[in-house]
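Chemist: Listed here are the chains, written in short residue letters.
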Amino acid sequence: MKHHVSGRALVLTFVGLLLLTAISWLTAEMHLGRAEMVVALGIASIKAGLVILFFMHLIEEEVSTTLALLAALFFVLLLATLVAAEVATRSPVYV
Amino acid sequence: MSELGAAHHYGTFEKEAHATRFGLWIFLVSEILLFAGLITLYSGSRVMHPEAFAEGIGHNLRWVGSVNTLVLITSSFTVALAVRAAGSQQMRSTGWLLGVTAILGFVFLGFKSFEYAEHLAEGAGPGGDTLFYVVHDTRGLPVFFSLYYLTTGAHAFHVIVGLIVIGVLLAKVVRQPPNPRLSHQVELGALYWHLVDVIWIFLWPLYYLTDGGGG
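Sequences listed follow chains A and B, in order. According to my numbering, the first sequence is numbered sequentially starting from 1. According to my numbering, the second sequence is numbered sequentially starting from 1001.
The set of hints was computed from the structure by calculation and includes no laboratory data. Cβ coordinates follow ideal geometry from the N, Cα and C atoms, glycine included.
To give an idea of the chain B side of the interface with chain A (calculated C-beta under 10 Å), a few residues:
1) L1028
2) L1033
3) G1037
4) I1039
5) S1043
6) S1045
7) M1048
8) T1074
9) L1191
10) D1197
11) L1209
12) T1210
Looking at chain A on its own, in the form it has when it is part of the complex (with noise of 0.2 Å):
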């Protein structure tokens, strides 16, 4: 098994993904209002990001898999939001 992804890179990952969630949580805290979603989900979205990357090895994979991995991220922001776009702008006669 190849070692691109060292031990030194590792824990720095799990310290930045320590890190993250302690600003996550201040950030909740601190009621944010309506940028609460995007802030929490901006947040999770580089954790993930980083869990993906170097505890996954997917830095050192090839193109295909990344290709696939994007191809599910994009379908899930598709539907996620097309839904809640269509639900938002219902005329209320149907609600």
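Using the hints provided, position chain B relative to the given structure of chain A.
Modeler: Relative to the frame of chain A, chain B by itself:
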């Protein structure tokens, strides 16, 4: 490399490992699409019932969700270290690290069970036909809690499957002499465990943090 017993149509074990890893990634991507359905239900229902979702999240035990986030992140780190140890054929370290990962998985399920028990004790179950929903009569609150049980339950089921995988790997690491095939199997099992962590990374803000600033 024939002593590794690679299926002969792969030629070498490296090629087989490459193909199985890609196959596992495709499986993980299909798992993401499963949770995509649940997250889509969440986004649509939340737009429809913003007050109920804020109230429901305020009702969830944030400290339990947060501790569980730390538990799963730490388990992701230990299983990543296990893969590294297995890659250098240090099977003793691999075994210990898989063991710690499994313990953390059980800790996660323990906290989750505690939280479910707390909710059910006060009647905040799925379905919305208890006294709890008469007292808390915000429109859409039963939708929130039904989705909460469905989504976190689906995730907890994945943790249980991950624990079975880790358990099988641990038994193999203890019994078998170090070999590249076993190291590769540890790598595949770890990928699945990481995905379970990635899903929780998103469930934590969706079900514990975003209470609309109310609390």
